[in-house]
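Q: One letter stands for each residue in the lines below.
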Amino acid sequence: MLKVGLRGVFARKLRAFLTALAVFLGVALMTGTYVLTDTFTNSFGQIFQESNKGTDVAVVPREVVDSQQGADPPAMPEALLKKVRGVDGVAEAVGGIFSAGVSLIDDDGDRIGSTQAPAFGASAQPGRFEAFDYPEGRPPAASDEVAIDKLSADNEGLDVGDQITVSGSEAARKYRIVGIAKLGEVDSFGGATVAILPLREAQRLADKEGELDQISIAADEGVDPTELKRRVAEVMPRSVEVRTGEENAQQQTDDIEDDLGFLKVALLIFAWIALFVGAFTIFNTFSITVAQRTREFGMLRTLGASRRQVLTSVMIEALVIGAIGAGLGILAGIGVASGLNSLFKAAGIDLPNTGSVVKTRALVVPLLIGITITLLAAIIPAVRATRVSPVEALSDQAIAPTRRRRRFVTGFAVLLSLGGIVAICIGLFGGIDSSSDAAALLGLGAVLMFFGTALLSPRFVAPLASVVGLALERVRKLTGRLARENAVRNPGRTATTAAALMIGLALVTFVAVFAAGIKSSIDDAIDKSFAADLTLQHDDGFSPIPEAAAREVKAIDGVGPVSSLRFGEGEVKETGDTSFITAIDPKHAREVFKFEWDQGSDAVVDQMTPRDAIVDQAWATDNDVDVGDTLSVTTPTDKHVVFTVRGALEDTADLWGDFVLTHQALEDDFHVRQDGMILVDYASGADPTAVRKSVETTMDRDFPVIDVLDQGELKDRIGEQVNQLVNLLYALLSLAVIVSLFGIVNTLTLSIYERTRELGLLRAIGMSRRQVRRIVRYEAVITALLGALLGSALGIFFAVIVSRPLADEGFNLSFPVGTLILLFILAAIAGVVAAILPARRAARLDVLDALAYE
Amino acid sequence: MVARVRKLTWNAMPDASPGIVSARNVHRRYGEGDAAVDALRGVSVDFTAGRFTAIMGPSGSGKSTLMNVLAGLDRPTEGTVALDGVEITGLDDGKLTQLRRDKLGFVFQFFNLLPVLTAEENIVLPLSIAGRDPDKAWVDQLITTIGLDDRRTHRPSQLSGGQQQRVAIARALASRPAVIFADEPTGNLDSKASDDILVLLRRAVDEFGQTVVMVTHDAHAASYADQLVVLVDGQVVEDREAPDADEILDVMKRVA
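Going down the list, the sequences are from chains A and B. Each residue of the first sequence is one higher than the one before, starting from 1 at the first, in our numbering. Each residue of the second sequence is one higher than the one before, starting from 1001 at the first, in our numbering.
None of these hints come from the bench; they were simulated from the model. A few of these clues could be false.
To be verified - With beta-carbon atoms standing in for the labels, derived distance ranges:
(1) B:Q1098 with A:G411: 33 to 41 Å
(2) A:Q292 with B:Q1158: 44 to 52 Å
(3) B:H1027 with A:L331: 20 to 28 Å
(4) B:A1245 with A:G304: 30 to 38 Å
(5) B:R1029 with A:A793: 56 to 64 Å
(6) A:A807 with B:Q1158: 52 to 60 Å
(7) B:G1060 with A:A323: 43 to 51 Å
Ideal Cβ positions, reconstructed from N, Cα and C, are used throughout, including at glycine.
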């Protein structure tokens, strides 16, 4: 039986290869994900090892609040340094700064580096603590000197001796480059730019005068770092953590690994999607080939092979194909890793890549998963093969599935679909606490619905194919007609092939509709809440901007009301979660923002004190918070503050976060002194164009990282960011789509093989090669459009369901009709492309051989 | 006797006007060297228009190969073939395809029809391929001639073997071709159905003025023909007029 199974594979090499490809892409993506994230973790690990190499003990701020935004904990007072120096066993202790928000600016006034990567300001450390290597020049010493990272220097063509603008919490200034720095092997810290400055200057630019991000300690000869750590910890306050150098490096690596963990999960989801589609394709291919080999199986049974032996032979074929596909996949996976890296770079995420790290786990797991999926997908067709009776070896007829089985399948399909909808609803409305659990339920629901729709889809084949086929028939009467009839001939087969494409397109449609909804909702919210002419924000859209900027803008001629928003986070005892907090200046906020009240009125803002809070009505409802209640908040500086709720806002764009406090509260209790966003109105009677020009000039000069946008531009900017993310998702989903296209190629090739005699007849009675190619091409287009129809219907359905609970938060459902139409056109083109090889094969059939074929 | 005279006369007058189907010195070799098979070894035939010709021969005689070559489905290794005045041996695949579409009709032993089309649609298939609208009256006449008025919308799976073959003949006639080639058209049928087919082919010649060339191994079928050509080992051994069944059996006994 082994031989029969193996021969089965090699007899149809092309078919086997195409089937193997179904698993190949999913496995490659999975391997690539593991390799990429392992490489990143390793690279970061190296970086952190390097940067901690001179440090025996490190003192860092303790992270009190689990930040969702990835913000750093507040800095430590410099006074701690004196205490540390007093500890017995400390040879040397220095304080350092390493903060985001210090940017390098090029000659055009643009920020150097990608918009997604942070910009760091670091202080130069003396001798042994120096983390950076200087291939050129030296560390900065004077207050007008700076050293920059090698990547930025290379990208911008900067050298030692050049002038460069550095911008931070003070007005931008020019500095002289005295050194080019590397961190160990890497040119840059994950694509982030670094400006290395003397300590005082670094503190100034990071708005941390009198504060430190880290204290690095070197131990005396013979003093054990762990022992020293204990001694230092004894004299340190609760607000800091003391670690050995190694522990610090490890902790930093672990933190990055957690952050990367999210990336890994996201990529693996796409890998699983590709594998899921691959499973559909394999199931389909095996179903077709089993049906075609009825005679062969019948003959085997006639000769005395048992059912189990037939099953084994098919499963062996599946095993070999799975092994080939998965094997090639893990080899390609390493290439995929670098492809993914480029993809992320293009989306602005540039992570360090110091040579691929390929762990055994990265190879073995995807290989096993790929093979297992292939085997699972082949089980049902294999079982069908065992049902072939010996008599069928002798007959010419194909077995038609019994009526009874069809009804059972339909019932089962409806059950699955309903089950899927239920799972999705529970995930969305069931009040599940853990968001990952809820997401898992949504995923499960989606999978069930895919299966259900796929099982029901044969019923749609005839009517849908007619609709599509009708259009084709208009263009080419006979070939369109024959293509349509061929597609409808075996609805199960056409449907399963289309279903594979449906999955990818459903997800693409979902993303498209959802993204359109997000953009539309944000646009609406901006219209509703923003009453200002200009918005000033960091060019990356979320980083804080120095408060000096607002002061400068207020002083400009022709500028009217100015008010800013500040952002912070805190842990709320009543909910147990970290909340996102917005802060306003009650005196001026109403001049530039329009508040929509669910409870309360504008008077609430006017009378707001630093101990008052205004809640987002949706968040309040979810957490059972009412006007008059108190919120006990733990701030990042480990302060515990109680706020009283005075009003509730309709927060349609999630602009206000979970609740709103005053600037004063955020400054005093949360240590937030920088603005998130500044809104500016023109003074009445002022010339808008002139005022805007003044504002822009001032900002370009002193705070080049700040963008000046009017409402239209703000909407566009946000739209761009959504687009960037969406395009990344499309690129990842395209793998699943490509797999399903292989499925179409496979199905077509197999059905041409089946119709050899017919094709021979057509050619004999005078059909040209071109016409034959057309029939095949149109069949592919019909199948692809079928997949597009089902996929977009499902995708829209998902988007509608998922948007229900979000409607409360102001999410508008918006249908990007243009994108959806484009999707259909692309599906048709995909069908044409998929048909190229099979069509050529069909046209090349030798007429006489085909006629004689049995 | 007559046959022998015919052969002599034709060879003696090489530029005598050829019939609607003519082959001159056709060779067809498959493979190379030691493994080469010569299916046709210098065959020359000439079929007049408006007549029913049967090509017979034992297994391996090359009769099917001859038909394929005459119909433009296969190319000879040597020699020329002309159909309705056009020499087809030099034509490329595209032209040959067009020729088959417009000028020839085919009836095969089985699998003649497209299972996804109705009887009527199968009948006008060559016209559909050419993109031409069928002449409704002509199609109706054909359907009546083959006696399947009440089955014109049926698919092949709903027709018996004999009925399918009748549809095939109607299709062959639909484009009013120069020649109809039939390859063992009764091979799969019982004697009653066979007779129906043969009668139809005869009517095609007598009533519609068609030229029919039929390959068969069945003496009874061949007896319907006006002319009999017998092949053995790739060469013509007999070429006689209006044979009856007994004569045919004699001939076959001799050559077997």
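Q: Hint by hint, note whether the structure agrees.
A: Against the structure, the hints come out as follows:
At about 53 Å, the CB distance of Q1098 of chain B to G411 of chain A disagrees with the hint of 33 to 41 Å. Distance hint check: the CB atoms of Q292 of chain A and Q1158 of chain B are about 24 Å apart, inconsistent with the given range 44 to 52 Å. A beta carbon spacing of about 53 Å between H1027 of chain B and L331 of chain A contradicts the range 20 to 28 Å that was offered as a hint. Range check, A1245 of chain B to G304 of chain A: Cβ separation about 48 Å, and the 30 to 38 Å hint is violated.
A hinted range of 56 to 64 Å holds for the C-beta pair R1029 of chain B and A793 of chain A, which are about 59 Å apart. Checking the proposed 52 to 60 Å range against A807 of chain A and Q1158 of chain B shows it holds: the Cβ atoms sit about 55 Å from each other. Distance hint check: the CB atoms of G1060 of chain B and A323 of chain A are about 46 Å apart, consistent with the given range 43 to 51 Å.
Of the numbered hints listed earlier, those contradicted by the structure are 1, 2, 3 and 4.
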